[in-house]
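Make a model of the complete structure from these sequences and hints.
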Amino acid sequence: MIRLEEQYAIRAEATGGVRQSLEALLAIRGRSYRKALKRCRRQFSEKSVHALRVEIRRILSMLALIAAASRHDEIATLERELKDRLKSLSRLRDTQVQLDAVGKMLRDEPALERFHDWLRCKERRSIKRLRGELAQVRAGKTGRRIEGLSGNLREFVGRGNEREDLEQRLVGATAEAFEMVMARYGPTGPRDLATIHRVRLAFKKFRYMAEALARVVPGLITDRRLRAMRSYQKRVGEIQDVEVLLARFKKFTKKEESDKRLCEGFRDKLLGRRARLVKRFLNSADRLPEFWPIQPRRHSITRSSIKPDIHAIKV
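Counting in my numbering, the sequence shown runs from 4 upward without gaps.
Do not take every clue at face value.
Calculated lysine to aspartate or glutamate pairs in the EDC-like style (CA-CA distance at most 20 Å, straight line) [to be verified]: (1) K272 - E293; (2) K144 - D87; (3) K207 - E136; (4) K86 - E136; (5) K90 - E49; (6) K263 - D87.
The calculated label-pair distances, taken between Cβ atoms and stated as ranges, are [to be verified]: (7) R42 - R228: 27 to 35 Å; (8) R227 - P190: 24 to 32 Å; (9) R228 - D271: 19 to 27 Å; (10) R290 - K263: 52 to 60 Å; (11) R227 - K258: 18 to 26 Å; (12) K38 - D103: 18 to 26 Å; (13) E136 - G240: 22 to 30 Å; (14) A142 - P113: 38 to 46 Å; (15) K86 - R227: 29 to 37 Å; (16) E293 - M108: 30 to 38 Å; (17) K38 - K253: 31 to 39 Å; (18) G240 - D271: 19 to 27 Å; (19) R228 - Q139: 16 to 24 Å; (20) K253 - D111: 20 to 28 Å.
Hints listed in this document are in silico derivations from the structure and should not be mistaken for laboratory results.
Being a predicted model, the structure only gives us computed values, none of them experimental.
From the three backbone atoms N, C-alpha and C, an ideal C-beta is built for every residue, glycine too.
Next comes the structure, spelled out in structure tokens:
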């Protein structure tokens, strides 16, 4: 294993404070998850569903960091459990975002009411299914398992020959997540929507890991950089929202009799919005290397080398 300071020309010295910060953050994540789950069980609103999904992603980012320091079967078990729960929530989240988007158009396009009602029916079905699934979730048990990972960290730091490796392993794991983003981005930037989608997924994982790392290794990642990451993710996420809405509308028109002119007009509006969002994203896409403060020596990444051709992208 190549040491982190040799790869990135830095000296990362772990201390007991890093472990203690990780333990404290694990405790916070466990409590926040239980609260978000409780709120979601009471009311499956867009806000509560989004909050629970965010908490799950934050825990997954913590697990990715801890796994870099201490491999343990409990980590893999928790990852599978939480990823399954996230997947269950995703369809409801997509439907609620679509309801909000279509609802804002109803005043100007009242003919979309049928599509809006169809989405509302999908939402009710998803909520019914999720209510049954989440009722069986033992939040306290999951929370205790999350907090129990602190013991793994204490065991790792207690090994004398590995004591100095903790911080550099955490930074190294986040660096690897960033390199995955850059690998999916490619040397010339995204050339189609599928590539943008792959970049989005990799960037989301990196961003949540970076947020967790910033809490335990102060000074490495600034709040300003974290805000820029959230803005970047929002731009690419908006493209995906339109893509999913287009697919859902296509499914609706196949199952329901609809006005042909209405369908074509609505689809054209969505395609136009997608084109504008893609252009806006690509205009700022070359900022990607700025989000990780430690540039690896073995890559020659420059802003100009990854500048995409906006007009060549396939949509």
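Here is how each hint holds up against the structure:
1. Simply put, K272 and E293 have alpha-carbon atoms about 33 Å apart, too far for the 20 Å limit, and the pair is violated.
2. Simply put, K144 and D87 have alpha-carbon atoms about 17 Å apart, close enough for the 20 Å limit, and the pair holds.
3. Under the criterion of a C-alpha separation no larger than 20 Å, the hint pairing K207 with E136 is inconsistent with the structure, at around 26 Å.
4. About 14 Å separates the Cα atoms of K86 and E136, which keeps this hinted pair within 20 Å; it holds.
5. Restraint check for K90 and E49: satisfied, since their Cα atoms lie roughly 16 Å apart, inside the 20 Å limit.
6. A C-alpha spacing of about 38 Å is found between K263 and D87, which places the hinted pair above 20 Å, so the restraint is violated.
7. Distance hint check for R42 and R228: the Cβ-Cβ separation is about 30 Å, which falls inside the suggested range of 27 to 35 Å.
8. The hinted window of 24 to 32 Å between R227 and P190 holds, with their beta carbons roughly 28 Å apart.
9. Between R228 and D271 the beta carbons are some 38 Å apart, a value that contradicts the proposed interval 19 to 27 Å.
10. Evaluation of the 52 to 60 Å hint for R290 and K263 yields a failure: the beta carbon distance comes to about 42 Å.
11. With their beta carbons about 47 Å apart, R227 and K258 fall outside the hinted range of 18 to 26 Å.
12. One distance hint, 18 to 26 Å for the beta-carbon pair K38 and D103, holds here, with the actual separation near 24 Å.
13. Between E136 and G240, the C-beta spacing of about 25 Å keeps the proposed range 22 to 30 Å intact.
14. At about 43 Å, the CB distance of A142 to P113 agrees with the hint of 38 to 46 Å.
15. Take K86 and R227: their Cβ atoms lie about 31 Å apart, and the range 29 to 37 Å holds.
16. Checking the proposed 30 to 38 Å range against E293 and M108 shows it holds: the Cβ atoms sit about 36 Å from each other.
17. K38 and K253 have their C-beta atoms about 38 Å apart, which keeps the hinted 31 to 39 Å range intact.
18. Separated by about 22 Å at the C-beta atoms, G240 and D271 satisfy the suggested range of 19 to 27 Å.
19. With their beta carbons about 40 Å apart, R228 and Q139 fall outside the hinted range of 16 to 24 Å.
20. A hinted range of 20 to 28 Å holds for the C-beta pair K253 and D111, which are about 21 Å apart.
Going down the numbered hints, you'll see the structure goes against 1, 3, 6, 9, 10, 11 and 19, while the others check out.
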